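Each protein sequence line maps, in turn, to chains A and B. With our numbering applied, the first sequence covers 3 to 109. With our numbering applied, the second sequence covers 69 to 189.
Think of the hints as simulated: they come from the structure by calculation, not from any bench. Bear in mind that the values here come from a model prediction, so they are computed numbers and not experimental data. Among the clues, some could well be false.
Calculated lysine to aspartate or glutamate pairs in the EDC-like style (CA-CA distance at most 20 Å, straight line) [as the list claims (entries may be wrong)]:
| hint | chain 1 | residue 1 | chain 2 | residue 2 |
| --- | --- | --- | --- | --- |
| 1 | B | K133 | A | E83 |
| 2 | A | K47 | A | E83 |
| 3 | A | K41 | B | D177 |
| 4 | A | K47 | B | E157 |
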Amino acid sequence: DIQMTQSPSSLSASVGDRVTITCRASQSISTYLNWYQQKPGKAPKFLIHVASNLQSGVPSRFSGSGSGTDFTLTISSLQPEDFATYYCQQSYILPLTFGGGTKVEIK
Amino acid sequence: EVQLLESGGGLVQPGGSLRLSCTASGITSSNYAMNWVRQAPGKGLEWVSGISDSGATTYYADSVKGRFTIARDNSKNTLFLQMNSLRAEDTAVYFCVQTRSSGISDGFDVWGQGTMVTVSS
Numbered sequence: 003d004i005q006m007t008q009s010p011s012s013l014s015a016s017v018g019d020r021v022t023i024t025c026r027a028s029q030s031i032s033t034y035l036n037w038y039q040q041k042p043g044k045a046p047k048f049l050i051h052v053a054s055n056l057q058s059g060v061p062s063r064f065s066g067s068g069s070g071t072d073f074t075l076t077i078s079s080l081q082p083e084d085f086a087t088y089y090c091q092q093s094y095i096l097p098l099t100f101g102g103g104t105k106v107e108i109k
Numbered sequence: 069e070v071q072l073l074e075s076g077g078g079l080v081q082p083g084g085s086l087r088l089s090c091t092a093s094g095i096t097s098s099n100y101a102m103n104w105v106r107q108a109p110g111k112g113l114e115w116v117s118g119i120s121d122s123g124a125t126t127y128y129a130d131s132v133k134g135r136f137t138i139a140r141d142n143s144k145n146t147l148f149l150q151m152n153s154l155r156a157e158d159t160a161v162y163f164c165v166q167t168r169s170s171g172i173s174d175g176f177d178v179w180g181q182g183t184m185v186t187v188s189s
C-alpha cells in the first residue's frame, strides 16, 4: 500500500497568514493526489484534484502543487473559515489511502 | 444539487451485522463510481470499499475484505454496504462518497453526512 505522510500534523496561524501543508507519498504517484478540507462534525469537502486543479467554488487562495512523491497545499491568505483539518489522498492505485491530516488552528 | 443520504448505522455487538444504505438525489448516480469511506472517532479518513458505475466491479480495503460487501441498485439510485462479522475496530462514521467520474479512484466529489456505526457489547 502507498503510505501518505502529511506535515505538520497541526499548526497555529493567524488570519492573513500564508500556510503551507506538505504531503509525501511512499512511492511515486505522478500527480494523482487530491486534497480535502474537513470541519468538525462535517463531511470532508473536495478542494483540489490531481495535485493542482481547484474544484469549482473553491476560493483561489487555495492552491496545490507537486508531482512524484512530494506535494503541497498552500493557502495564500488564511481566512477565518479556513480553520479546519486538511487531508491529502492518493488516487494512483488501490487501496486508496489518505494522509493523517493537518489541523489548522487559530493562533 | 446532488445530495447523498446515508442510513442504517447504529449499535451492534461484536460479530453482528449491519446494512448501510445511501440514496442519491439530484443526479443519476449510475454515471459515477461510488465508495464508502470511514472515520473512527478522533481519527483520520480510511477508504473502505468502492464500486464501478455499473456495479460490475467491486474493491475492498484489506481490513474489511471477506466481511463487507458493497452493492448498488441504479434503478433506485441507492448504494449499500453489508457489514458482517463486525469488530470493535469497525466503529466509525461511514461516509457514502460519489467520485467525480466513472473512475473508481477519481476524486471524491460528493459526500454524504455520514452514519455512525458502533460495535460494542
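Okay, the hints, checked on the actual structure:
1. The straight-line distance between the Cα atoms of B:K133 and A:E83 is roughly 38 Å, outside the 20 Å bound, and the hint therefore fails.
2. Note on A:K47 and A:E83: the hinted pairing holds, with a Cα-Cα distance of about 13 Å set against a maximum of 20 Å.
3. Taking the CA atoms of A:K41 and B:D177, the gap is about 16 Å. The hint holds against a cut of 20 Å.
4. For the proposed pair A:K47 and B:E157, the alpha carbon gap of about 25 Å is over 20 Å, so the pair is violated.
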